[in-house]
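Q: Going line by line, the protein sequences match chains Z and F. Per my numbering, residue 1 is the first one in the first sequence, and the count goes up by one each step. Per my numbering, residue 267 is the first one in the second sequence, and the count goes up by one each step.
Everything labelled a hint here was simulated from the structure, so no lab data went into it. Nothing here was measured: the structure is a model prediction, and the numbers come from that model. Hints should not be assumed to be uniformly reliable.
Said to hold, decoys possible - Between beta-carbon pairs, the in silico distance windows are: (1) Z:262 with F:460: 24 to 34 Å; (2) Z:247 with F:641: 50 to 60 Å; (3) Z:247 with F:528: 19 to 29 Å; (4) Z:205 with F:576: 11 to 21 Å; (5) F:416 with Z:253: 26 to 36 Å; (6) F:610 with Z:136: 22 to 32 Å; (7) Z:26 with F:673: 16 to 26 Å; (8) Z:129 with F:465: 24 to 34 Å; (9) F:573 with Z:150: 24 to 34 Å.
Ideal Cβ positions, reconstructed from N, Cα and C, are used throughout, including at glycine.
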Amino acid sequence: MSTSEEVYAASPLDPVETHRLVTENPVDTAVFDQSIVDKAQAIIARYPQARSALLPMLHLVQSVEGYVSQAGITFCADQLDLSNAEVSAVATFYTMYKRRPCGEHLVSVCTNTLCAALGGDAIYAKLREHLGSDGKPLGHEQTAGEPGTPGSITLEHAECLAACDLGPVLQVNYEYFDNQTPDGALGLVKSLQAGEKPHPTRGAPLTDFRQAELQLAGFFEGRDADLDGPSAAPETVRGARIAAERGWTAPAMPDNADFPPLPEKK
Amino acid sequence: MVDNLTPVLTKRWLSPRSWTLKTYEQLEGYTALRKALTAHPDQLIQQCKDSGLRGRGGAGFPTGMKWGFIPQGDGKPHYLVINADEGEPGTCKDIPLMMADPHSLIEGIIITSYAIRANFAAIYVRGEVLHVIRRLNAAVREAYEAGYLGKDILGSGFDLDVVVHAGAGAYICGEETALLDSLEGRRGQPRLKPPFPATSGLYASPTVVNNVETIASVPYIVNGGADWFRTMGRERSPGPKIFSLSGHVERPGQYEAPMGVTLRELLDLAGGMKDGVPLKFWTPGGSSTPLFTADHLDVPLDFEGAAEAGSMLGTTALQIFNETVSVPWAVMKWTEFYKHESCGKCTPCREGTYWLVQILQRMVRGEGTASDIDTLLDVCDNILGRSFCALGDGAVSPITSGIKYFKHEFLALCDQNSQVLAGATA
Chain Z
1 MSTSEEVYAA SPLDPVETHR LVTENPVDTA VFDQSIVDKA QAIIARYPQA RSALLPMLHL
61 VQSVEGYVSQ AGITFCADQL DLSNAEVSAV ATFYTMYKRR PCGEHLVSVC TNTLCAALGG
121 DAIYAKLREH LGSDGKPLGH EQTAGEPGTP GSITLEHAEC LAACDLGPVL QVNYEYFDNQ
181 TPDGALGLVK SLQAGEKPHP TRGAPLTDFR QAELQLAGFF EGRDADLDGP SAAPETVRGA
241 RIAAERGWTA PAMPDNADFP PLPEKK
Chain F
267 MVDNLTPVLT KRWLSPRSWT LKTYEQLEGY TALRKALTAH PDQLIQQCKD SGLRGRGGAG
327 FPTGMKWGFI PQGDGKPHYL VINADEGEPG TCKDIPLMMA DPHSLIEGII ITSYAIRANF
387 AAIYVRGEVL HVIRRLNAAV REAYEAGYLG KDILGSGFDL DVVVHAGAGA YICGEETALL
447 DSLEGRRGQP RLKPPFPATS GLYASPTVVN NVETIASVPY IVNGGADWFR TMGRERSPGP
507 KIFSLSGHVE RPGQYEAPMG VTLRELLDLA GGMKDGVPLK FWTPGGSSTP LFTADHLDVP
567 LDFEGAAEAG SMLGTTALQI FNETVSVPWA VMKWTEFYKH ESCGKCTPCR EGTYWLVQIL
627 QRMVRGEGTA SDIDTLLDVC DNILGRSFCA LGDGAVSPIT SGIKYFKHEF LALCDQNSQV
687 LAGATA
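The shape of chain Z in the complex, shown without the other chains:
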C-alpha cells in the first residue's frame, strides 16, 4: 500500500514540490481561450515544421499563466500533436520556463564571474535579504508576495546576460538595468514593489513578466513605441566614438569591387 508519506519519502524533490505534483487537480486547459489558440496556430505557421513552434508556444503559455503549468503542457501537446511527456521534457530543460507561478516582475541578477566580481554577488545578497521573510533570505526562483499580484517579485540569479561591459547588470522582465550597485538595485526593487515602473537603462518601458513573455512568443501588437528608447549605452559606442573623434576609419572601399569569376564546375 502506498501512502502519500511513502511517496514523499521516496521522492528526491522537496516535500512541498512532491505534494504539488501528486495532488494537482485534473488538467483544465480552459484558461487558454480562443485568442490563445489563434496565437498558437500563428506560431506554428511561421515554421516549415510544426514542432519548431514549441519554444515560442511555451513562452505564450507563460504569458497566460505566469509559468508553465500542467495545463500549459497539455495545451502545447494538443496544439502540436505531441505527448505531454515530450512537451514536459522540453519545458524542464530550459531556464526561462518557470515551474511555479512568477511574480508581477521577474528580477534576474547576473552572478557570473565578471558581474559577481564587480558587485553582482553583493546585489543578489542584498535583494535576497530584502525580499526574504522571517529572517530568511529569499531563495533562487522564489517569489516575494502572492504570485501575479501587483508588486510581487520573483528573484533569480542568472548566468551571463551578455552585457559584460555594463556590469554588474540585472534584468527586470528581461529588460536591461546596467551598471548596478547594491543600493541602487534595492531602490529599484522597492519601486517595483510600490507599483512603479522605473525605465530600463536599455529597453522598453516596463510592463510585467507576462507581457514580456507574450513578446518573446513574437506578439508585439500595439507596442510600436517600445522600439524607441535607449539602446546603445555610452559603453557600447566607446570605440565608435573614439574613432569618430580621431578620424579613424576602415580603409576606403574601391569604387567598383568586382566579383570573382564564376568558379568552374568540378
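For this one, chain Z is given, so just place chain F on it according to the hints.
A: Chain F only, in chain Z's frame:
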C-alpha cells in the same frame, strides 16, 4: 597603415535611430543586396572564400568554405540559421550589434541565403534579450514591407522568409547542433557529428549555421570586395572584429579593431586599468578560452596569435581582472556556470563539472588539500576531448590555465592556517 580602430560593423551605431530601415538605407543599407543579386550565387561563395572571413562565433571556421559544403542541385530545401544565442561569459558583441543595427544582419542573411540557395532562414536569439528580439522583429517586418524579404525579392525571382526565434535560456544552444535540436522544438542537446549540418542540419536538410557578426560582415565584403576586407587584420585572420572589453578597466566597451590588435593597445584606448590597480588575469575570448596574464599583453589577438600563446581567440570577449580577484574563486564561479549549463547528455561533462564544483567550493571554503589540485587536473583530463561537444572542453579551460599560472593561489587555499582567501586583497 591601417588606423587603430576600424569601424565597419559599428559605424552606424552612433547614428540617430540607427535600428530603423530609414537610417540604414541612408547609410548605404541594402546596396550590397542589390549588387549581390546581380551575381551568380557561386561567385558570392567564391568571394567569401577569397575574403578569408572566419566565423566570429568562437571557432573561426572559414565561412566561405562552410557555405561551399552545401550540396547544390540536391533537390532538398536548404536553410540558413543564425546563431544569436550569445551567452559565453564575457561575450557581449552580438547583442549590441543587433540592438543598434539589426538591418545589417538581415541584409547579410538575404545575401547568404541567396548564395547557398536557402529560402528559409531563422535567427535563433537567446530569450533573455527582449529589446533585441523586439528590434529584430521590427526590422524583419520593415524588410518585408520594403520588398527585401518575401517572394521575388527586388524582382530577382529569389524568395526568402526569415523568422526570429527566441530561445529559452540554455547556454548549450550556442553549440550549433544543440541549437538545431532546440530550433526543432526539442531539448537543446548536441548531435553526434558527422553528419555535419552542411548535409544534415535543420529538419535533416543542408544547413549553414553562422554567427551574427560573421553574417553582418557579408554586405561589406560584397560592397568592398575580398581585397578590401583583407586590408585589415592579418593574413590568415583578416578583417575587422569587435573586441569587447569588460571588468577592471577605466572605460569598458566595444572596440572594433583589425584582427591582431593587442590587449596593450586596446587597454590604452580604454584608459588603462581601473584606478591603476594592476592586471592579474584576463580571458581573450570568453571563459572557455584559457586564461592569459600580464605576460600576454602583446599577444596579437587573432586566431593564430591567441593559439600560439596557448589560448584561443574565441569571441574576443576580453574579461579583465585586477589583483583584487582570487583566481580560485573566479575559476569556481565559472565552473558553477558550466555545471549549470551542462546539458546532461554525456557523462564526462555532466558528472565531471558536478564534481569539479564540489572540489573547488571546498577549496575556496578553506577545506581543501594539496591533492585536490591533482584531482581537479585528473577530472579535467577525463573531460577534455572526451565530451560530446565543446562545452566540456571549455569547462576545463579556466581550471587548467588557472592552475598553470596561479598554482600558488590554489596551494595557499590548502594552508589550513590561512584565514584569508588566497589572492584576494580587496
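Q: Could you run down the list of hints and mark each one as holding or not?
A: Results for each hint:
Checking the proposed 24 to 34 Å range against residue 262 of chain Z and residue 460 of chain F shows it holds: the Cβ atoms sit about 29 Å from each other. For the hinted restraint 50 to 60 Å between residue 247 of chain Z and residue 641 of chain F, the CB-CB distance of approximately 56 Å keeps it satisfied. Residue 247 of chain Z and residue 528 of chain F have their C-beta atoms about 22 Å apart, which keeps the hinted 19 to 29 Å range intact. A beta carbon spacing of about 47 Å between residue 205 of chain Z and residue 576 of chain F contradicts the range 11 to 21 Å that was offered as a hint.
Distance hint check for residue 416 of chain F and residue 253 of chain Z: the Cβ-Cβ separation is about 29 Å, which falls inside the suggested range of 26 to 36 Å. For the pair residue 610 of chain F and residue 136 of chain Z, the beta carbons lie near 30 Å from each other, so the given range of 22 to 32 Å is met. Checking the proposed 16 to 26 Å range against residue 26 of chain Z and residue 673 of chain F shows it is violated: the Cβ atoms sit about 60 Å from each other. Checked against the given bound of 24 to 34 Å, the beta carbons of residue 129 of chain Z and residue 465 of chain F, roughly 54 Å apart, lie outside it.
Checked against the given bound of 24 to 34 Å, the beta carbons of residue 573 of chain F and residue 150 of chain Z, roughly 54 Å apart, lie outside it.
Checked against the numbered hints given earlier, this structure breaks hints 4, 7, 8, 9; the rest are met.
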